[in-house]
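Protein chains in written order, with the working numbering: chain A, 15 to 274; chain B, 15 to 274; chain C, 15 to 274; chain D, 15 to 274.
Honestly, the hints are just simulated from the structure, not real lab data. Take the hints with a grain of salt, since some may be wrong.
No copy labels: a pair is met if it fits in one copy or bridges any two.
[As the list claims (entries may be wrong)] Once the Cα atoms are required to be at most 27 Å apart in a straight line, the calculated BS3-like pairs of lysine-lysine come out as:
hint, residue 1, residue 2
1, Lys118, Lys40
2, Lys118, Lys131
3, Lys131, Lys50
4, Lys50, Lys118
5, Lys210, Lys118
The chain contents come next:
Protein chains: 4
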Amino acid sequence: METSCQRILEESLTISRNDVVRSDIKLGLDAVRYTKLEVNERGELGLSYNATLQLKVNTVGIGKISEGENFNSAALPYIFPSRYVPSDRMRAVANDLFANVSGKFAQALAIEDWLFKNIYYQVGISNEQSWALDTLETRSGVCRDFAHLGIAFCRALSIPARYVTVYAYGLYPQDFHAVFEVFVDGIWYLMDGTRKAPLNGMVSIARGRDAADAAVATLFGNVMGQSMMVQSEIATDEDEIFMPITREMLMRDGNALYLG
Amino acid sequence: METSCQRILEESLTISRNDVVRSDIKLGLDAVRYTKLEVNERGELGLSYNATLQLKVNTVGIGKISEGENFNSAALPYIFPSRYVPSDRMRAVANDLFANVSGKFAQALAIEDWLFKNIYYQVGISNEQSWALDTLETRSGVCRDFAHLGIAFCRALSIPARYVTVYAYGLYPQDFHAVFEVFVDGIWYLMDGTRKAPLNGMVSIARGRDAADAAVATLFGNVMGQSMMVQSEIATDEDEIFMPITREMLMRDGNALYLG
Amino acid sequence: METSCQRILEESLTISRNDVVRSDIKLGLDAVRYTKLEVNERGELGLSYNATLQLKVNTVGIGKISEGENFNSAALPYIFPSRYVPSDRMRAVANDLFANVSGKFAQALAIEDWLFKNIYYQVGISNEQSWALDTLETRSGVCRDFAHLGIAFCRALSIPARYVTVYAYGLYPQDFHAVFEVFVDGIWYLMDGTRKAPLNGMVSIARGRDAADAAVATLFGNVMGQSMMVQSEIATDEDEIFMPITREMLMRDGNALYLG
Amino acid sequence: METSCQRILEESLTISRNDVVRSDIKLGLDAVRYTKLEVNERGELGLSYNATLQLKVNTVGIGKISEGENFNSAALPYIFPSRYVPSDRMRAVANDLFANVSGKFAQALAIEDWLFKNIYYQVGISNEQSWALDTLETRSGVCRDFAHLGIAFCRALSIPARYVTVYAYGLYPQDFHAVFEVFVDGIWYLMDGTRKAPLNGMVSIARGRDAADAAVATLFGNVMGQSMMVQSEIATDEDEIFMPITREMLMRDGNALYLG
Chain A
15 METSCQRILE
25 ESLTISRNDV
35 VRSDIKLGLD
45 AVRYTKLEVN
55 ERGELGLSYN
65 ATLQLKVNTV
75 GIGKISEGEN
85 FNSAALPYIF
95 PSRYVPSDRM
105 RAVANDLFAN
115 VSGKFAQALA
125 IEDWLFKNIY
135 YQVGISNEQS
145 WALDTLETRS
155 GVCRDFAHLG
165 IAFCRALSIP
175 ARYVTVYAYG
185 LYPQDFHAVF
195 EVFVDGIWYL
205 MDGTRKAPLN
215 GMVSIARGRD
225 AADAAVATLF
235 GNVMGQSMMV
245 QSEIATDEDE
255 IFMPITREML
265 MRDGNALYLG
Chain B
15 METSCQRILE
25 ESLTISRNDV
35 VRSDIKLGLD
45 AVRYTKLEVN
55 ERGELGLSYN
65 ATLQLKVNTV
75 GIGKISEGEN
85 FNSAALPYIF
95 PSRYVPSDRM
105 RAVANDLFAN
115 VSGKFAQALA
125 IEDWLFKNIY
135 YQVGISNEQS
145 WALDTLETRS
155 GVCRDFAHLG
165 IAFCRALSIP
175 ARYVTVYAYG
185 LYPQDFHAVF
195 EVFVDGIWYL
205 MDGTRKAPLN
215 GMVSIARGRD
225 AADAAVATLF
235 GNVMGQSMMV
245 QSEIATDEDE
255 IFMPITREML
265 MRDGNALYLG
Chain C
15 METSCQRILE
25 ESLTISRNDV
35 VRSDIKLGLD
45 AVRYTKLEVN
55 ERGELGLSYN
65 ATLQLKVNTV
75 GIGKISEGEN
85 FNSAALPYIF
95 PSRYVPSDRM
105 RAVANDLFAN
115 VSGKFAQALA
125 IEDWLFKNIY
135 YQVGISNEQS
145 WALDTLETRS
155 GVCRDFAHLG
165 IAFCRALSIP
175 ARYVTVYAYG
185 LYPQDFHAVF
195 EVFVDGIWYL
205 MDGTRKAPLN
215 GMVSIARGRD
225 AADAAVATLF
235 GNVMGQSMMV
245 QSEIATDEDE
255 IFMPITREML
265 MRDGNALYLG
Chain D
15 METSCQRILE
25 ESLTISRNDV
35 VRSDIKLGLD
45 AVRYTKLEVN
55 ERGELGLSYN
65 ATLQLKVNTV
75 GIGKISEGEN
85 FNSAALPYIF
95 PSRYVPSDRM
105 RAVANDLFAN
115 VSGKFAQALA
125 IEDWLFKNIY
135 YQVGISNEQS
145 WALDTLETRS
155 GVCRDFAHLG
165 IAFCRALSIP
175 ARYVTVYAYG
185 LYPQDFHAVF
195 EVFVDGIWYL
205 MDGTRKAPLN
215 GMVSIARGRD
225 AADAAVATLF
235 GNVMGQSMMV
245 QSEIATDEDE
255 IFMPITREML
265 MRDGNALYLG
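Go ahead and model the full structure; you've got the sequences and the hints to work with.
This is how it looks when you write it as structure tokens:
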């Protein structure tokens, strides 16, 4: 997707079959672009997406300022609880941990820091139905869980926060990554409690209230994912960053697929 | 709000104080209109809203067709789980109860019917944090709970469904009401598992994924609601319905208020 | 009940009807005495219980030593999770809060203190299905909730802990009270995170793993409680305490009642 | 353990090290026998248990009558909710499914049958923190989950029910198994919703309110299980059954172990 901080210089989507009906649609609060692929015949489907993006890196603050917005109303929907972010049930805990920090931005930074220090990155503890209360309980999870808990704390403190699925340069092993953005004084700041990749090498794929809104791919019918591969490089040119991305997916059967 | 099925013929909002800064904003997926009221001085604030709407009543089907849409993509966000609608955790139950019904619209009708027959309308069992799994457990709740459970079953069966806050003519005692809409073959159909008021006397105030998106009023600061009064009448003129509405609220203190 | 710390000097149970079949039974791990009352005819049933107990007050430590036990095995069942005490899900939080305190008894004292400082005593937030995770979430509740959360933290740290329903001298308003006991070095120590009544004026009525085991009265059939009144006084005689207790209950209909 | 239906003819526990302090203790409501093994030195510990039991097979009813009891009070603790059996939250569902069946024993049979037909035996969906509400939601689980859900339905209908860990002859692959017993008219009847092994080839190892009470082995310290092997054969002699059992465990490190 294009935002005020990232511009697509070139991109291509190569599809292994020629009986695929393709349409681009915009979904959700942020009009995230999805590509819908429909097939009528069962069988294997290979996808290869390549793009080069130009990222604007904002060096103010520790976070990347991903988008400037002066209208509070655009951020307001991100203050409400959502499927994996029951912030309405986390006010007591959020206040206990962060109410003594003064200033919204300082609170958000304290939240990111708390995540890094208190949540253990561990695969296998959480699943796709885990929500922020689970991560608070187990103190462990993957990037998605870190993001949900961070968003929950923010919203519980009346800071709008949203979920962002990204390509992350420097993430090892290479994979999609999930982070969050907080809205303070008209600006969305990027945060990542896992600290697994540099904030200025992240390209947004999709965003929304939580993972339910920002899936990398949504499958309908009996689509089965077979393999997925993501790669990104980085080419800096003074204060601008160019980031080529490669993404390959192989699917079997099913009849519709939405790609973020 | 105006939709393809309801037109505002006239309206007025009377505010008891003249130091209120008023602005109208549109929020969320459906661009629901909210009125933001800000005050600087503490004290009492009285509101009185009067409107007359013209409703188009569609007599096809048992539900009111509230809006025609041919693009599946507009409905797609309403297939995902949300705060009070964890449809991703209700597939087994939904399939157990409704998989034997054939056809999406017939399934939605079966769901509405099941709600009416199996959920007991009772005040005091649920609270503002209750979600569809609670209502499934207790088999009791208020209009909001009926709507959430109906939406959850629909989404679990891949039927887009959304939450609608309405003025309901004929509801006793007079109050706001919550119902749901399901999207089948390009049309949103109104459903109400409580069957407490006629479907053709409902005026939409706000809608969204669930109650988190479609609050009647959102208060910031220390606003305290003191009283609320809603009244609606109906004046039919052949096959069109005119519906005058009166709504009064009295609030104390606080500094911002969003009115749906 | 009689324990190594409390002896019943005299007691009487007056029953308002003479068609009641009464039998005394011992239930559960601690052989708590219950009185079973069965009636065949519907109608009103009044109960009045009066007793005088002699309490041994152990002044070592801040807690009353309610019972000396040298066998770890008697305490072992109180280390496992129970209905309202999901200690198996609270290890991360318990370790986060109390792992830095050294010594089991010091940890238990730190837990009691944390409850007093962090949980707000409030009627109406919790209900009879609330468990320790709810209290951890809302940071508020009544004596039962304080006890469950305290027990949960203890068990999560491998300290056996049990729930005790008591008559509490000095509690205002006069009512039954719930506290907890922890087992350290062969001794059960009484703890009360609410600090609403002196520990040395408590008479145990029933105890068990949690409130499911230690109900004041369990009703079968359509018994309806109508009123309940509890009173206790205290008469000290040097280092021994004599405590007269009055308890009155009025019930309607139903056919069986177990009184702790 | 010995019960009125099973007698230990001979048994032996072979321990691979001679620095182990062994003591036998009885725990919990049913005085289940546990063997406590303590070691002071870290290292590997191998256990081999062999026994031959004589089972009394009661052919009345479809369940094995494992124990005759005429005192309701002994069964009463098994009517209350416990950690993995929140029966207090399942009354609405239990009534919806089974209230139309008349008679307590018929209800219990209907429950066992419902489990067999509606719950899918699947490894990996549940974990050691799963409780009956999870299994009701996912409609899948292992023997432990079947037992917990069965017990929950029974208790919700006021039928005392308990959890039993057994050696099951004929179970494939050979492993421990979990079933449940219901108390009707003074008799405990064995039930198994998985129907994976014959009811008359089961030897009780431990029993209690739920899995929290009836663990096969409870480890303290840093004990790590390395392997476990269970084998049972059956030797019938007219209407009596003799059942030789072999059980081998290999553990590393840690300092205490309770074996059921």
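Status of each hint after checking the structure:
For the identical chains of this complex, Lys118 and Lys40 are inter-copy neighbours only, at 25 Å across copies versus 31 Å inside a copy, given an alpha-carbon limit of 27 Å. For a Cα distance limit of 27 Å, the shortest separation of Lys118 from Lys131 qualifies both inside one copy, at 20 Å, and across copies, at 26 Å. Neither within a single protomer nor between protomers do Lys131 and Lys50 lie at most 27 Å apart by alpha-carbon distance, with minima of 40 Å and 38 Å respectively. With identical chains, the CA atoms of Lys50 and Lys118 are at most 27 Å apart between copies only, with a shortest distance of 22 Å across copies and 39 Å within one.
In this homomeric assembly, Lys210 and Lys118 come within 27 Å of each other (Cα to Cα) only inside a single copy, at 24 Å, whereas the closest approach across copies is 37 Å.
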